[in-house]
Amino acid sequence: MKRTISFVLTVALLLSTAAVGFAAPSKVTVWCWDPNFNGYAMKQAALVYNKMKPDVTIDIVDFPNSDAVMQKMQAAMQAGGAGLPDVALVQDFQIEQLIENYPGVLADMKAAGVDFTQFATYKVGPMTQGSKIYGIPFDSGSTGLFLRADYLKQAGLDPAKYQKNMTWTEVTALGKIVKAKINKPLIAFDSTDWTFVRMMAQSAGAQWFNTSGKLDLTNAAIRPAIATLKSMYDAGILYPTEGWNNWVSAFNNGDAGGLMSAVWIVGTIKSQPTNAGKWMVVPTPSLDGVKGAQNASNWGGSSWYVFDKAPNKAGAIDFMKSVWASKDAAALGFYNTILKGAGAMGTYLPSGKGSNYTAADEFFYNKQAVFGDFAKWMANVPALRYTANYNAWGSAISASLAKMYKGELKTPDDVLKDATTVYEQTISQ
Amino acid sequence: MRSRGAFERYLNRSGWIFVAPAVALFAVFMAYPILSSLYLVTRKWKGLTDSFIGLGNFVRMFKDSLFWDSLGHNFILMVVQVPVMIALSLLFAVILHHGVRKFRGAFRLILFLPAITSLVAYSILFRILLQTNGLANNIMLDAGLLTQPIAWLNDPFWANVTIMVALTWRWTGYNMIFFLVGLQNIDPEIYEAAEVDGAPKVMQFFRITLPLLLPVILFSLVTSTSGMLQLFDEPNILTNQGGPANATMTAALYIYRQAFVLSSDFGYATSMSYVIVLLAGVLAIIQIRVLGGRNK
Numbered sequence: 001m002k003r004t005i006s007f008v009l010t011v012a013l014l015l016s017t018a019a020v021g022f023a024a025p026s027k028v029t030v031w032c033w034d035p036n037f038n039g040y041a042m043k044q045a046a047l048v049y050n051k052m053k054p055d056v057t058i059d060i061v062d063f064p065n066s067d068a069v070m071q072k073m074q075a076a077m078q079a080g081g082a083g084l085p086d087v088a089l090v091q092d093f094q095i096e097q098l099i100e101n102y103p104g105v106l107a108d109m110k111a112a113g114v115d116f117t118q119f120a121t122y123k124v125g126p127m128t129q130g131s132k133i134y135g136i137p138f139d140s141g142s143t144g145l146f147l148r149a150d151y152l153k154q155a156g157l158d159p160a161k162y163q164k165n166m167t168w169t170e171v172t173a174l175g176k177i178v179k180a181k182i183n184k185p186l187i188a189f190d191s192t193d194w195t196f197v198r199m200m201a202q203s204a205g206a207q208w209f210n211t212s213g214k215l216d217l218t219n220a221a222i223r224p225a226i227a228t229l230k231s232m233y234d235a236g237i238l239y240p241t242e243g244w245n246n247w248v249s250a251f252n253n254g255d256a257g258g259l260m261s262a263v264w265i266v267g268t269i270k271s272q273p274t275n276a277g278k279w280m281v282v283p284t285p286s287l288d289g290v291k292g293a294q295n296a297s298n299w300g301g302s303s304w305y306v307f308d309k310a311p312n313k314a315g316a317i318d319f320m321k322s323v324w325a326s327k328d329a330a331a332l333g334f335y336n337t338i339l340k341g342a343g344a345m346g347t348y349l350p351s352g353k354g355s356n357y358t359a360a361d362e363f364f365y366n367k368q369a370v371f372g373d374f375a376k377w378m379a380n381v382p383a384l385r386y387t388a389n390y391n392a393w394g395s396a397i398s399a400s401l402a403k404m405y406k407g408e409l410k411t412p413d414d415v416l417k418d419a420t421t422v423y424e425q426t427i428s429q
Numbered sequence: 001m002r003s004r005g006a007f008e009r010y011l012n013r014s015g016w017i018f019v020a021p022a023v024a025l026f027a028v029f030m031a032y033p034i035l036s037s038l039y040l041v042t043r044k045w046k047g048l049t050d051s052f053i054g055l056g057n058f059v060r061m062f063k064d065s066l067f068w069d070s071l072g073h074n075f076i077l078m079v080v081q082v083p084v085m086i087a088l089s090l091l092f093a094v095i096l097h098h099g100v101r102k103f104r105g106a107f108r109l110i111l112f113l114p115a116i117t118s119l120v121a122y123s124i125l126f127r128i129l130l131q132t133n134g135l136a137n138n139i140m141l142d143a144g145l146l147t148q149p150i151a152w153l154n155d156p157f158w159a160n161v162t163i164m165v166a167l168t169w170r171w172t173g174y175n176m177i178f179f180l181v182g183l184q185n186i187d188p189e190i191y192e193a194a195e196v197d198g199a200p201k202v203m204q205f206f207r208i209t210l211p212l213l214l215p216v217i218l219f220s221l222v223t224s225t226s227g228m229l230q231l232f233d234e235p236n237i238l239t240n241q242g243g244p245a246n247a248t249m250t251a252a253l254y255i256y257r258q259a260f261v262l263s264s265d266f267g268y269a270t271s272m273s274y275v276i277v278l279l280a281g282v283l284a285i286i287q288i289r290v291l292g293g294r295n296k
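Listed in order, the protein sequences are those of chains V and R.
Just so we're aligned: 209 in this note's numbering is position 209 of the first sequence, and the numbers increase by one with no gaps anywhere.
Just so we're aligned: 75 in this note's numbering is position 75 of the second sequence, and the numbers increase by one with no gaps anywhere.
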């Protein structure tokens, strides 16, 4: 008996190895990092593609986080491309660094015939280099201010009155009322990261680097953004957390009455079913007195990249083109599916008419159709130039902002000066 | 005479065959990387682009205050945590060896268990326990030990304390095992003689236990010191990439960030690694000279 089983197992093993061996040309390997988000979206894309081409296997490899993908990719690129997958997901803020440091590694998707006018412009910018456009834009990071409508009510306020374009001054006033009435800080934020201030500045079109990639902090929105953050912090209406998990638990447990985040956080918010009916999302507040300040900004978002030396480059390009950049009904239906299934809002413009954009969402206060709102705001997001040194700058200013919360640095100029010193040393050419 | 020479040559040959695999592995995985990294040190190597800059990486390092700050953090952690940990390990070892009769194995297991937990897993656990609204603060607040929560991860001073506490938890049991073995190798007759002479326990510890354990203590010191210079997982995960505001940034973490996160600058990262290796070597030599002198 035992022998029969082991014989069968051995044969099965041999056959499966052989199958992999034979199927290699029609396999597309994809690296991504979140099985509930981008991994889920890829899986749905694979289902749609397999209806067109049943013999192609889309092999989705999950990594613990985006850093892990970057690290393994860099090691493979150093090794001349050995071990690279066909497609990998890269955060938008890291792609310019990758393109500059590893020239010629990615496949030009424009040359492959993708029509980039059909994607949101601010997503295409970072992946463009001269006449070449690498990659297929994935999700939007359109932002909004999430507020607990029930907390506003407890504080004697009418939530409906705040569902409008506000300025940060108005939000600060609101925060002070909530703090005084029910003793809850209004906004939970990750105090180890500069994202909050960056979102505020981006809403007014702030750039941190000039067109040649040099750090340039002269933009008129930068100092007001830092000053606004500091005044909110000093007013006690912010709930500082240490990193991501702490932040999530702070707003899901109700330690704070809200958060600034992007459309992709919707899934995380819904993961706390007891909060159903309590949340509402209002437009990103704008910076007072800054010219061109919008009620829209962006946080995060990533895109798919095919490697030039990919084992199955042609197959990967065909897959990406037929599902991620196609007006085919099945492809557009796919975008509609991942919007509802994972809160993944695509940036392929023709997909914006999907039914899930306008569907009432029972989870939100007054059944707000949040995805429709985020999509509306997305159209006004000013494009951000990341450049190759965005990471180094973000790391430097995050540390300086932390010193500001402690009171070691007082003014926005102090913060920028401190961060610039560290930045210059870390990237020193 | 002649036949003996041939025999010796034969012995030599088979000896070489026996060590060949080890030598080959050493050549491929140690010697080659070290030599090829020596070449890297002189290059400005960003991603796939690469050019000769001589000692440029060292000039840059000299001016890079974050690198020196990181090294400083390594030294603060080393100077404070390593002695505390060694003292604790010694204390536990002596108690287990001389004091505890029952459940000795169980205690040994409890103390050693942290040393076999994954660095990442325990860092994440400590992180969850120590966040501002975490279990540690809540318990102390409820018990009235604190009036307001301690920012274990968000205050530069407490973040360093957090790392030291975590390291002590992780490595005390590990070092204790060496001391236990060392204690078992001390002849009980020496203690008996001391008893007969009327030496009190404390004097026995300082006059017998400590001197005879010196080689083991030296070993623990050298490995802990070099481990401390390579400290990476705890500041990366527990205090969120060396936070707050780089207060727990260590040299190894900074090297990693230069190579893989900030700029793909492998040349600069390698140059910094060389400095760390040299420092670890110098420190080990000093420790061996100072503590090992009596053995020679």
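Note that these hints are calculated values from the structure, not bench results.
All residues carry an ideal CB built from backbone N, CA and C; glycine is no exception.
Do not take every clue at face value.
In the SDA-like style, the derived pairs of lysine to any residue whose C-alpha atoms are separated by at most 25 angstroms in a straight line are [unchecked claim]:
no.	chain 1	residue 1	chain 2	residue 2
1	V	Lys230	R	Thr49
2	V	Lys406	R	Thr49
3	V	Lys410	R	Tyr256
4	R	Lys46	V	Ala79
5	V	Lys72	R	Tyr256
6	V	Lys406	R	Lys46
7	V	Lys376	V	Asn210
8	R	Lys46	V	Asn65
9	V	Lys410	R	Asp69
10	R	Lys44	V	Lys376
11	V	Lys72	R	Leu25
12	V	Lys132	V	Asn210
13	V	Lys406	R	Leu25
14	V	Lys72	R	Pro156
The calculated label-pair distances, taken between Cβ atoms and stated as ranges, are [what the hints assert, rightly or not]:
no.	chain 1	residue 1	chain 2	residue 2	range
15	V	Pro64	R	Val23	34 to 40 angstroms
16	V	Gly254	R	Phe26	56 to 62 angstroms
17	V	Pro35	R	Thr223	47 to 53 angstroms
18	V	Lys214	R	Asn138	44 to 50 angstroms
19	V	Pro35	R	Asp142	33 to 39 angstroms
20	R	Thr223	V	Thr211	41 to 47 angstroms
21	V	Ala68	R	Phe29	33 to 39 angstroms
22	V	Ser231	R	Ile95	19 to 25 angstroms
23	R	Leu11	V	Ala79	54 to 60 angstroms
24	R	Ala106	V	Ile182	47 to 53 angstroms
So, partial list: chain V residues that the calculated Cβ filter (under 8 angstroms) puts toward chain R [unchecked claim]:
no.	residue
25	Asn252
26	Gly254
27	Asp255
28	Asp318
Hints the structure fails to honour
Hint check: 1, 2, 3, 6, 7, 10, 13, 14, 17, 20, 21, 22, 23, 25, 26 and 28 fail, others pass.
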